[in-house]
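Enquirer: Residue numbers (full-length UniProt numbering), protein chains in the order written: chain A, 1 to 186; chain B, 1 to 186; chain C, 1 to 186; chain D, 1 to 186; chain E, 1 to 186; chain F, 1 to 186; chain G, 1 to 186; chain H, 1 to 186.
Errors might be hidden in some of the hints.
[Claimed, not checked] Mimicking DSS-like on lysine-lysine, the simulated pairs with C-alpha atoms at most 27 Å apart in a straight line are:
1) LYS178(F) / LYS101(H)
2) LYS89(B) / LYS89(A)
3) LYS101(G) / LYS101(H)
4) LYS89(G) / LYS89(B)
5) LYS101(E) / LYS101(D)
6) LYS178(A) / LYS101(C)
7) LYS101(E) / LYS89(C)
8) LYS101(E) / LYS89(B)
9) LYS89(F) / LYS89(D)
10) LYS167(G) / LYS178(G)
11) LYS89(A) / LYS89(F)
[What the hints assert, rightly or not] Which chain G residues stay away from chain D? Per the calculated CB distances, all over 12 Å, these:
12) GLU25
13) ASN49
14) HIS71
15) ILE75
16) THR86
17) THR165
18) LYS178
[Unchecked claim] Label pairs and their in silico Cβ distance ranges:
19) ARG16(B) / TRP169(C): 56 to 66 Å
20) LEU117(A) / PRO126(B): 35 to 45 Å
21) LEU117(A) / ARG69(G): 19 to 29 Å
22) ASN128(D) / ILE175(H): 30 to 40 Å
23) HIS52(F) / LYS89(A): 45 to 55 Å
24) HIS40(G) / LEU117(A): 29 to 39 Å
25) ASP51(D) / PRO126(E): 26 to 36 Å
26) ASN128(D) / LYS89(A): 44 to 54 Å
Worth flagging that the hints you see were computed from the coordinates, not collected in a lab. Note that the Cβ used here is the ideal one computed from N, Cα and C, for glycine as well.
Number of protein chains: 8
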Amino acid sequence: MWTSIRRFASSATPQRQWTVYLSGEIHSPWRAELAEAVSHLPVTLTGPNDDHALSDDAGAMIYGAVPTRPHWDSIGARLNGLRTTTNLKEADLVVVKFGEKYRQWNAAFEAGYASALNIPIITIHPPNLSHMLKEVNANATMAVDSVEKVAAALDYTINGTEPATPKDWTPSEDIWGKGNPNPGGK
Amino acid sequence: MWTSIRRFASSATPQRQWTVYLSGEIHSPWRAELAEAVSHLPVTLTGPNDDHALSDDAGAMIYGAVPTRPHWDSIGARLNGLRTTTNLKEADLVVVKFGEKYRQWNAAFEAGYASALNIPIITIHPPNLSHMLKEVNANATMAVDSVEKVAAALDYTINGTEPATPKDWTPSEDIWGKGNPNPGGK
Amino acid sequence: MWTSIRRFASSATPQRQWTVYLSGEIHSPWRAELAEAVSHLPVTLTGPNDDHALSDDAGAMIYGAVPTRPHWDSIGARLNGLRTTTNLKEADLVVVKFGEKYRQWNAAFEAGYASALNIPIITIHPPNLSHMLKEVNANATMAVDSVEKVAAALDYTINGTEPATPKDWTPSEDIWGKGNPNPGGK
Amino acid sequence: MWTSIRRFASSATPQRQWTVYLSGEIHSPWRAELAEAVSHLPVTLTGPNDDHALSDDAGAMIYGAVPTRPHWDSIGARLNGLRTTTNLKEADLVVVKFGEKYRQWNAAFEAGYASALNIPIITIHPPNLSHMLKEVNANATMAVDSVEKVAAALDYTINGTEPATPKDWTPSEDIWGKGNPNPGGK
Amino acid sequence: MWTSIRRFASSATPQRQWTVYLSGEIHSPWRAELAEAVSHLPVTLTGPNDDHALSDDAGAMIYGAVPTRPHWDSIGARLNGLRTTTNLKEADLVVVKFGEKYRQWNAAFEAGYASALNIPIITIHPPNLSHMLKEVNANATMAVDSVEKVAAALDYTINGTEPATPKDWTPSEDIWGKGNPNPGGK
Amino acid sequence: MWTSIRRFASSATPQRQWTVYLSGEIHSPWRAELAEAVSHLPVTLTGPNDDHALSDDAGAMIYGAVPTRPHWDSIGARLNGLRTTTNLKEADLVVVKFGEKYRQWNAAFEAGYASALNIPIITIHPPNLSHMLKEVNANATMAVDSVEKVAAALDYTINGTEPATPKDWTPSEDIWGKGNPNPGGK
Amino acid sequence: MWTSIRRFASSATPQRQWTVYLSGEIHSPWRAELAEAVSHLPVTLTGPNDDHALSDDAGAMIYGAVPTRPHWDSIGARLNGLRTTTNLKEADLVVVKFGEKYRQWNAAFEAGYASALNIPIITIHPPNLSHMLKEVNANATMAVDSVEKVAAALDYTINGTEPATPKDWTPSEDIWGKGNPNPGGK
Amino acid sequence: MWTSIRRFASSATPQRQWTVYLSGEIHSPWRAELAEAVSHLPVTLTGPNDDHALSDDAGAMIYGAVPTRPHWDSIGARLNGLRTTTNLKEADLVVVKFGEKYRQWNAAFEAGYASALNIPIITIHPPNLSHMLKEVNANATMAVDSVEKVAAALDYTINGTEPATPKDWTPSEDIWGKGNPNPGGK
């Protein structure tokens, strides 16, 4: 039997697995929180190595110590890039979290990388960063301010789950009327 | 042993799974009917969220209400696009159903999107819409007027199943002769 | 000498020529109006054959008359596609005009085609069609309601020309303050 | 001033140059005839080396004679491929002429090559070859039986020139009525 | 333990499945013979519908009969193209068999299609067709004259299996000496 | 006559024009300085609109004022994107300047965008930002600290011009010996 | 529960399988050694046929002996290319080992091939070949001198495993201080 | 008037300019010799910086000296790559010259790079290097032993010029008969 807003697969068809790359901030447990929030969904989460000290030094530990910092960093960053670039390229969605602290140029770099490959992005950031992120957000599916909203977006996208009703919610039908007519325009 | 018109796979090879995206009309149960008609085939059906009211409002429910309709709609349509675009891009075939009512610009948009990506399309529409759809149909594998014909096309394509014999059917061999010669041209 | 917001080319460098494909409505002189409005810009305008009767019959006039309409139309539409597809693919920008009348599925088809190829689109339509076009507009750079606004967008994009000041205009700096800080968020 | 069905370019804009690759038959003067027929159009014609004996031996003349024919031919065909493949890839249109004689597998090969690259093709062939060419023609913009019809198709495509009125011509409007309605369907 | 010329996978890794598309001749049982010859290899064989009469008429049986042959054929060939093009595009190798009879333009078309997509091809044909096929063979990995040789090429490619020793065989080492002598080298 | 390290073109061949996109910092005159420094080279410089106030408001001036800042910014950023993305995609090189101030997420975004498209980048930044930019620099051709060094890199790349000899310079030959041998390794 | 530096997959998600192509040197058991060193990782190793004599003659054994060496080699190399090219194209990483002996042009060729396809490469070579390999290494993620270092790089990349602490190791934090500030630059 | 084997362009059409990248050996004047030999052809020659000492040190001269050789070389090679990669990617043909001396891994690397991008290559090398270059040559249009033969191949390809008749030449027609004999017919 067919059920609205769901996938029309026979029971023998394995459900599509979504791969979501988690870019950006590494100093809060947001990846774990999102993992928890989407644990009921067919979602594989990937991301960069988020152990800050290790990601700085792993390259030099393997290659050998280097006397100048830019080259030490180049070796480290190129090795980290093996993981991040491989995972980025095969993501169905990239979630990028920006915070108040740090430059986070690698987060913006990965957002640009994903956009150029036509991979959709969702950004998470405090509302007061909105203007500084306007170029990134203009390329995003959505800009939200919490992990929960990303989880809701994924649940709606994959399973058609209705998001929780916001406080004081008025559906668009009640505001602008039913059906397609849009009298008065914007 | 080899059998004509079938896949030459050893029994250990899993059959190719076809992914078919169902675009267009959301006010009739045609997706369920097609799902039923191809339930014996290795076909995964995907499509947009077909709950009209929810697809209008889900974006704003997650993002937050927005005072102007074009932006409300932009947030909703971009979120819906996460599902539709991801599924469209990985379809082996896009079936697009046009009906008498509504503008259905999103259906034609998705047909164009698929065509640009070299994904074959089959259109379903009442015969009297044929002239208005001539640009879409010129890019289609076939334009038919029923879900059953799409199912027959898939069964023939995947399994080599002979379609049901139409009423008053005369095979081409009986009309123009056997073999390649095509005397008299068009 | 360097001048802000302009191209930093030596005088020996020919200016970049922008190619803009004009899709959609063929029953008003909007293409001529836009040509007039951008006549001072390095813009080449292309588009479909906009002689309605001829575009219906040119294919059959060359190929020969065909007894059934869908095939007559298929021959015509495939020939027209030689012009439209070639021009669409090499456009820097596609402008699509939707009106109140007709189904205009070919316009939406071309918008989808352009989007899949990552070619930016700008739509022109009466405000009251906004909701029906929400999927198309979600993929657009901008949705406007006049040819003049497209010309202003091109003049700003190419030459950095400041658009005409709208009536009762308040700059964003006067509304939300200067610089990047965005206190209070959305 | 704007004129229907033409390019909306300012007089300073050079007209788009179309590149048309002429594939297939090398034993009749059809390339010269087409060159004559499109001499008033902004069309650059390219094609394979059509000196049969030279195209067989040029490779071996440069590389050195080879004792076995398949290798002699391989060296020749790979050298010819430098010209044909380079030109094929940058064509806007590929015209392929098939005749009664010879296998012409290279013509069909080039048609397939062009199709895979999304380059439109027009075939020229005697009507009685139609059935044998059905797979090629299904991928073609149009299949015609004369060089003149290719020239007419190009003139219509590039300049919007109305094709010559066929004998006993009845416009589609007179057959099926004006406007979009298509009552009765196919 | 590692064994020369084999895949270095742990036993837990499923072996790579090769997909081979069988193009061309449909009037001999060569597909069945090849299926038999590679039945011990991880190879999935695909190909066109090889029931000649059905492949001519299936399109019209679904779409409805059409009064003119070119359009009847166009509908049929476009439907067959759904199967052939989908399978061609995802092949790791395309084997194309040419015989003495028939024009087989569709076989050459598919060979060109595969080449343009960088899919390797192997041709099978009687030696006396070699010159007519020189352009196709110049793009092929190998041109052979039997199904057994294709099977040997696959067995060598996938498993590193040594081909059967030909009659009167002399290894290259015995003819031109051992190793990579590079006199002068550094 | 042939001259080492230069282009081997006949005098009739126009020299290759390099297109360099200048991304990042808009509050210093570095674009004008670079334009001056490369004015003798066949280089076309492009970049974003660098009038800060205008780039914030141009979108809303054309589209109409919008009551919420994120949507105001979205309209502005999408319009600016028409210029930046078109120019970015066709650049031969992207130079990105990072400074001490501001978040400059759009600069890092554009660097990521260029990298994903395989367009080489050169970064300019004060040395003390090196560690924060390690992921961007790992994808860069070179990271330098002045506009002059970018000009020197372009002059060497295009014309083979020897860079100015640095103070206390010792050529590599004098340090590690002449020729390829590299005894002792790193 | 979420664990730092690991994949955030539910237990039901199969771990990502990495495919690593092993190019270059065929006269030492380094492929077996690497297979052993990564046997605990989800890594599939692929590579060329490494039986030197067989890889020289397999083509001619199947095709038939050829009187001239360049054609004998061409047939052999094209057949070997079926394996190498197919595997190269789908690798996530290409490891290329260069040694003191032999020209190894095929190894450098495969490194270039991979780079053009944006597939990351890691080179293994004795330190004293570093200067001769500078162009290859400039395109590599890392250049190392042992199989063990490749295994460590993979273990860090896939599982976030900390590499073995080198002798006399000082972490970067202890050298240049903690956090992002990088005073003094390079 | 149409002339066999030539381009069918009106006199107003500028002739196609071929871009040929010259890779490999930098210690002989072969680039100058080829430039001389093709000076009558519409060919633009490009290539790497061929000043050996400068190409080793230019990067460090701009960036600043670096204490370790691999990093010194990395900076140099990445800067050189800006020129080589940009030119390689837009070549219509890559000519690669291998000599007896040096490792020339960068030449083989560039050959592989070009092949992966479907850019045809012609190799020049002494005949005795043929076996070591078999993988490179299997991907080449032709392998020759002199600059003159490259010039002859270009003259034939571009203008259809008949190559000089080799000593003791017998045309293929005199060896194997005229035409496409195909015993057994269609």
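Enquirer: Hints first: check each against the structure and report whether it holds.
Expert: Results for each hint:
{"no.": "1", "hint": "LYS178(F) / LYS101(H)", "in the structure": "holds (15 Å)"}
{"no.": "2", "hint": "LYS89(B) / LYS89(A)", "in the structure": "holds (15 Å)"}
{"no.": "3", "hint": "LYS101(G) / LYS101(H)", "in the structure": "holds (14 Å)"}
{"no.": "4", "hint": "LYS89(G) / LYS89(B)", "in the structure": "holds (21 Å)"}
{"no.": "5", "hint": "LYS101(E) / LYS101(D)", "in the structure": "holds (14 Å)"}
{"no.": "6", "hint": "LYS178(A) / LYS101(C)", "in the structure": "holds (21 Å)"}
{"no.": "7", "hint": "LYS101(E) / LYS89(C)", "in the structure": "violated (41 Å)"}
{"no.": "8", "hint": "LYS101(E) / LYS89(B)", "in the structure": "violated (41 Å)"}
{"no.": "9", "hint": "LYS89(F) / LYS89(D)", "in the structure": "holds (21 Å)"}
{"no.": "10", "hint": "LYS167(G) / LYS178(G)", "in the structure": "holds (22 Å)"}
{"no.": "11", "hint": "LYS89(A) / LYS89(F)", "in the structure": "holds (18 Å)"}
{"no.": "12", "hint": "GLU25", "in the structure": "holds (30 Å)"}
{"no.": "13", "hint": "ASN49", "in the structure": "holds (23 Å)"}
{"no.": "14", "hint": "HIS71", "in the structure": "violated (5 Å)"}
{"no.": "15", "hint": "ILE75", "in the structure": "violated (9 Å)"}
{"no.": "16", "hint": "THR86", "in the structure": "holds (18 Å)"}
{"no.": "17", "hint": "THR165", "in the structure": "holds (53 Å)"}
{"no.": "18", "hint": "LYS178", "in the structure": "holds (54 Å)"}
{"no.": "19", "hint": "ARG16(B) / TRP169(C): 56 to 66 Å", "in the structure": "holds (60 Å)"}
{"no.": "20", "hint": "LEU117(A) / PRO126(B): 35 to 45 Å", "in the structure": "holds (40 Å)"}
{"no.": "21", "hint": "LEU117(A) / ARG69(G): 19 to 29 Å", "in the structure": "violated (45 Å)"}
{"no.": "22", "hint": "ASN128(D) / ILE175(H): 30 to 40 Å", "in the structure": "holds (36 Å)"}
{"no.": "23", "hint": "HIS52(F) / LYS89(A): 45 to 55 Å", "in the structure": "violated (34 Å)"}
{"no.": "24", "hint": "HIS40(G) / LEU117(A): 29 to 39 Å", "in the structure": "holds (32 Å)"}
{"no.": "25", "hint": "ASP51(D) / PRO126(E): 26 to 36 Å", "in the structure": "holds (28 Å)"}
{"no.": "26", "hint": "ASN128(D) / LYS89(A): 44 to 54 Å", "in the structure": "holds (51 Å)"}
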